[in-house]
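In our numbering, the protein residues as written are 11 to 375.
Quick caveat, the hints were computed from the structure, so don't treat them as lab data.
For glycine and all other residues, C-beta sits at the position ideal for the given N, C-alpha and C.
Treat each hint with caution, since some may be false.
[To be verified] The following label-pair restraints were derived from C-beta to C-beta distances: (1) Pro144 to Gln81: 26 to 32 angstroms; (2) Gly243 to Arg296: 40 to 46 angstroms; (3) Thr223 to Arg55: 33 to 39 angstroms; (4) Ala136 to Glu216: 47 to 53 angstroms; (5) Asn310 to Pro258: 37 to 43 angstroms; (6) Thr134 to Gly57: 31 to 37 angstroms; (7) Arg296 to Thr71: 26 to 32 angstroms; (8) Arg296 to Ser132: 30 to 36 angstroms; (9) Ala159 to Asp124: 30 to 36 angstroms; (10) Val354 to His183: 15 to 21 angstroms; (11) Gly146 to Thr223: 54 to 60 angstroms; (12) Lys58 to Asp307: 30 to 36 angstroms; (13) Gly146 to Leu292: 47 to 53 angstroms; (14) Gln81 to Met189: 39 to 45 angstroms.
[As the list claims (entries may be wrong)] DSBU-like mimics (lysine-lysine), calculated; alpha carbons at most 35 angstroms apart, straight line: (15) Lys266 to Lys284; (16) Lys73 to Lys266; (17) Lys266 to Lys211.
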Amino acid sequence: MGKTVCIIGAGLSGLTCAMRLADKGFKVTVVEEMASAGGLLATTRIGKESLELLPHHLRKTDKNLLALVKQLGLEDSVEWSDSRWHGKAAHKKLGYFRGGFARLINSLMQEVTDKGGLIRLSTTVADITQDRHPDGTPFYRIECVLSNATRYEEICDYCIFTGSCRTFVNISHSLPISMDDRDCLMNVTYRSQISIMLNLKRIGTEVYYQEFTDQPFAKIINHSNAFGQRGYGGHIVYLVGYSNVTDPLWIANDSKIMAQYFTAYRKIYPGIRKTDLKGWRLTKTRYAQSLSYPAKDLHNPCHNMYVCASGIARFNTDEEPLNRMERVVALAGTICDEIVRASVSAPDAVTPLIAIPSRNEEELV
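Please take these sequences and the hints and turn them into a complete structure.
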């Protein structure tokens, strides 16, 4: 029996869900508000390579993530390297893909589309509502807005949301979720991140990971110290800081933030000159890291509606930077298993996954 699923978000968790459900015969559509997939694993071109806008690596302890890599046939694409961490007694073995994490995202997208799934980019979800078939079986209407302001609806039996908990609450007002559960989701706190990727002719340390409490940024991640210069045309360094969205630094323009960060970096390493900077890229992430979690498990807040987000999955690690991929991949597996079990016991009525114009809107051309 086929079933239809709409997945909101084309990051690692969304694409993992999409691949696993498409593999089980579900009709899957993924909608993503950005112009490219990847989420926190979004990449850019640096020299001859694809590189993440935010620092990431694999760990030997990433059981679920490495199982996914193996399932995709990418295990031979992962190179493992020793890395030195400031203040840590031992080196850590870290993994990185040849070609960057774009290889993982592209492989997931290929698997989804090869199995008949659709991935709609530049598509923002404005509202999620629940409707019912004549027999009382619920289904969902996902109101979407394209980049040209055209509105349409995705109709599905199951919905998986992969953004922040607060965003989910804001677009699901009409869903049958109790006020207590909504409050729990809204009370999940996040910290925002400002990350600057530097491409330098040289760097001042052999350490991979450093933490600071007296600088405008909190961490320096010397990517090339662990994974080499590859085809970047220089040494890649990430300066990672955290901020409240009301802080002056958060609302400052990129050039002002860069000036403050790079000045502080050069004070730490006086041998670095302005002429050593070959290029830079600043990325702001509003919901970068969850600091608190709901008091209870809310990954399934109402019938056939799921939330696959880092703010739902409890996970503690001291192995930064922002390496929280393992927990969302594990949660994605749990959600997919629940959907498969639910579909087996569900009534035979099937809602076709179709895009239809929203009420009072013109038809899509």
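We went through each hint and held it up to the structure:
no.: 1; hint: Pro144 to Gln81: 26 to 32 angstroms; verdict: violated, 40 angstroms
no.: 2; hint: Gly243 to Arg296: 40 to 46 angstroms; verdict: violated, 31 angstroms
no.: 3; hint: Thr223 to Arg55: 33 to 39 angstroms; verdict: holds, 34 angstroms
no.: 4; hint: Ala136 to Glu216: 47 to 53 angstroms; verdict: holds, 49 angstroms
no.: 5; hint: Asn310 to Pro258: 37 to 43 angstroms; verdict: holds, 40 angstroms
no.: 6; hint: Thr134 to Gly57: 31 to 37 angstroms; verdict: holds, 32 angstroms
no.: 7; hint: Arg296 to Thr71: 26 to 32 angstroms; verdict: holds, 28 angstroms
no.: 8; hint: Arg296 to Ser132: 30 to 36 angstroms; verdict: violated, 19 angstroms
no.: 9; hint: Ala159 to Asp124: 30 to 36 angstroms; verdict: holds, 32 angstroms
no.: 10; hint: Val354 to His183: 15 to 21 angstroms; verdict: violated, 31 angstroms
no.: 11; hint: Gly146 to Thr223: 54 to 60 angstroms; verdict: holds, 57 angstroms
no.: 12; hint: Lys58 to Asp307: 30 to 36 angstroms; verdict: violated, 45 angstroms
no.: 13; hint: Gly146 to Leu292: 47 to 53 angstroms; verdict: holds, 51 angstroms
no.: 14; hint: Gln81 to Met189: 39 to 45 angstroms; verdict: holds, 40 angstroms
no.: 15; hint: Lys266 to Lys284; verdict: holds, 15 angstroms
no.: 16; hint: Lys73 to Lys266; verdict: violated, 41 angstroms
no.: 17; hint: Lys266 to Lys211; verdict: holds, 22 angstroms
Comparing the model with each earlier hint shows violations of hints 1, 2, 8, 10, 12, 16; every other hint is respected.
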